[in-house]
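Since the structure of chain L is provided, determine the placement of chain G on it from the hints.
Number of protein chains: 2
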Amino acid sequence: MAKNDKTEKTGQFASELTPRSQDFSRWYLDVVRRAELADYTQVKGCMAIRPYGFAIWELMQQELDRRIKASGHVNAYFPLFIPNSLLTKEAEHVQGFSPQVAYVTHAGGEELEEKLVVRPTSEAIIGTKYADWIQSWRDLPVLINQWANVVRWEKKTFPFLRTTEFLWQEGHTAHETEAEAEEETLKILDMYADVCESVLAMPVLKGMKSQSEKFAGAARTYSIEALMGDGRALQAGTSHNLGQNFAKAFDVKFQGRDKSVQYVWGTSWGVTTRLVGAVIMVHGDDSGLVLPPKIAPFQVVILPIGRDNWRETVLPTALAIKQQLVDAGVRVTLDDRDERPGWKFAEWELRGVPLRLEIGPKDIEKSQVLIARRDTREKIGVPMDAIVGRVRELLDDVQTSMLRKALAFRDEHTQRTTSYDEFKQFLEGRPGFVLAPWCGTAECEAQIKADTQATIRNIPMGALSSPGQGGTCVRCDNPAQYEVRFAKSY
Amino acid sequence: MAKNDKTEKTGQFASELTPRSQDFSRWYLDVVRRAELADYTQVKGCMAIRPYGFAIWELMQQELDRRIKASGHVNAYFPLFIPNSLLTKEAEHVQGFSPQVAYVTHAGGEELEEKLVVRPTSEAIIGTKYADWIQSWRDLPVLINQWANVVRWEKKTFPFLRTTEFLWQEGHTAHETEAEAEEETLKILDMYADVCESVLAMPVLKGMKSQSEKFAGAARTYSIEALMGDGRALQAGTSHNLGQNFAKAFDVKFQGRDKSVQYVWGTSWGVTTRLVGAVIMVHGDDSGLVLPPKIAPFQVVILPIGRDNWRETVLPTALAIKQQLVDAGVRVTLDDRDERPGWKFAEWELRGVPLRLEIGPKDIEKSQVLIARRDTREKIGVPMDAIVGRVRELLDDVQTSMLRKALAFRDEHTQRTTSYDEFKQFLEGRPGFVLAPWCGTAECEAQIKADTQATIRNIPMGALSSPGQGGTCVRCDNPAQYEVRFAKSY
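Protein chains in written order, with the working numbering: chain L, 1 to 490; chain G, 1 to 490.
If we strip away everything but chain L, and leave its shape as in the complex, we get (with noise of 0.2 angstroms):
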């Protein structure tokens, strides 16, 4: 696709994309085809992450994977396939996932004689194994992650934010406690909101999932909940506290300091390839993507520009340059393919470069280089002798203005009310987040989300700690139990 491309547009390659303001969703969806990030297969709902895409999300679960062993859990491979009977253990859980599950029947020349499930989550076959490897008290706590691929069937799928198969992490983990599990259950919310924080440079929410929208066989779902650049909330990471459900189910028991035979705790938790459509969502503008500095394949890209000579003039210093910012571990690339400066420039931005840094034969005689901000667009003049100093400036920069940058457009579409008709008023478009009372009842969820589109993101952590606050809920009348966030949502 890119050669075709290319050679059709003649300078006016951002303007190709679809404007925000006129459909956010054609938008998107025209990133992530010209900045190569993904692209469609011939398989339903099923992408394929192209490198530029692709390294993206490699350079999140570098970040992930450090924190998820640090805090002192080891990875470990489970199967792919999950025997039908074995998903079936945990009432919620097949209930929630079968109708989405997709099912092999035959294999080796031969009908299967159990069909079985692909995996949509793991927790089913890693129970069963945990009932084989813990005995005691003391093989406690189990803390595994696994990287994998899960496929859940969707009806409606978009790149990156839904698809039939997607890439994520998931943990696993088993506790002697009750409060252990708990415990290890918001430690990783918060590792989780730590990671698009400061690393995705996207704000997020944590909070408590509803009981009708907590994960399938939970006994509580935590998520954290992110803002796009069109009002519309995401949740881009959860963290579930299993109780003893699945325990029991798999009889994972253990021996109890006490000599006393008990289920374990447990809990689960994710993060997808959603993220990578997160930060699409986020950041990009009308210009294409705008990638935080930490996660940007390219941190920097060097354009040499000059007369028809400039391979000659221009090229020597602007090699230099790059192997300066290598060596000071900066993720740069050089373009010096012959195409019009103002092309190459408008490629780079599509692909969302933090950092463009420009040299000419003028700049080389005063001995400096233009650097442009892609967040920002300022173009600042830096010395030659002070390049990597400033470019490492530059890029902390630009990295913490995205995230205030974000965070004051989720402040800026963050409302309340105690109205059910401001409510209402409110959440015609897409507002952001509507913060009203609730009382609690899935009565009141669901018809709320029948009148406006909306649903409970999740319950703020700081109104769990102390419900009823007094107040009406916001739709019944009734006495509120909690102030929760509303949204419409991807």
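Each hint should be verified, as a subset may be incorrect.
Copies of the same chain look alike in the list, so a pair counts if it works inside one copy or between any two.
Stated by the list, open to error - Lysine to aspartate or glutamate pairs mimicking EDC-like chemistry, simulated, CA-CA at most 20 angstroms apart: (1) K69 to E58; (2) K362 to E182; (3) K69 to D335; (4) K214 to E92; (5) K156 to E113; (6) K206 to D39; (7) K69 to E36; (8) K44 to E110; (9) K253 to D39; (10) K44 to D132; (11) K366 to D385; (12) K253 to D139; (13) K259 to E92; (14) K156 to D23; (15) K44 to E114; (16) K449 to E422; (17) K155 to E114; (18) K155 to D335.
Bear in mind the hints are in silico, worked out from the structure with no lab data behind them.
Positioned in the frame of chain L, the structure of chain G alone reads:
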């Protein structure tokens, strides 16, 4: 499993392994289970890779991934599922793989219109995307790798060596010329050989597969072959020159420099979790695993030894040493469990940790520690202030001497003959490699296999460059085309 296994034994941990000389396969299975590398699951032929086994694989992955990227390749991800009609497009390919595939026939509560193949390898799905992405010679080469799980329905499975689902990397490249594709194929073969020798301390023999053993759909398959501790050979990695076969099947064309439309030249190549099994079988002994330091999850285990009060007298010094080693980038663990030293020794030997560092009250008095090598069982006194430097030297020495030892073993188990009687006699039992001249026909190859169970592992690179050097086929007395490597194999 860990705990009740432990309480069963009384310092005789390692001796519970089946001796290698008695039953090599049983010994292998004992090591896999007791060292907690992998475990069976309820899905036939699918194993769970436990954290210790997975950590070994992760270290291999890092070494491979670094080299794959350094040689200009990029990672991407393609779907797990392949529409059945795609798999059948390349005639040899479908013939080779269709008996082994698993089919998804039902998903999302419905029967699918077209059944989906769970990828046994990804040439088909990647080929269709390359057809979209490649238009001009300027788009070439395309050098993509993916880390993924694949499924091949095997009749007989064996942990790590042959499992229904396994993990691997698969490279898929497209080139402008036949020569470039061949160069890539051989460059990757060299990279694999380098990883096996310099990282896994496992010598391998490079060569070309015979036509009957090549990858289904390839023009030529090259392999690296290693010798296991029981004298059986193991194919440790393959690199395929696909010619234009898949390009023609999936219509991957480009406009050349001369404006003519041409098919790309392809390669594909992979190594798998089988390498973990290879390391066990090449280096292990009757006490268990022996890990090369470069892929040992723990390179050093520190064992504090002493009377009842060792936690006061010895542990603080042990912890300080651990911190020194951590700071020096050594992967180290400290075993402070309340178990007898003899039991701990046996357990860490079983797990193959390259260096055991013992420290007791007398050592502290003398300001020294004792370091025991897993590979030679040599014990070395090391002054307290020289630990980091000495550990580094010893790790390097273990790494190189393990390779040397494995090379010597292979040399002792390589024979050469031109007589079929001698050939057959050599191949009784499991003697390793037998070099013998071969006429080049599939008939003789098949007859030799029927007579001896031995197959042509590969045709040495040297022999390929100068075929027909005289002599006659070991079996049929027609002129020999090459001297080739025969062995019984996994």
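**Request:** Give me the numbers of the hints this structure contradicts, sorted from smallest to largest.
**Result:** 2, 6, 13, 18
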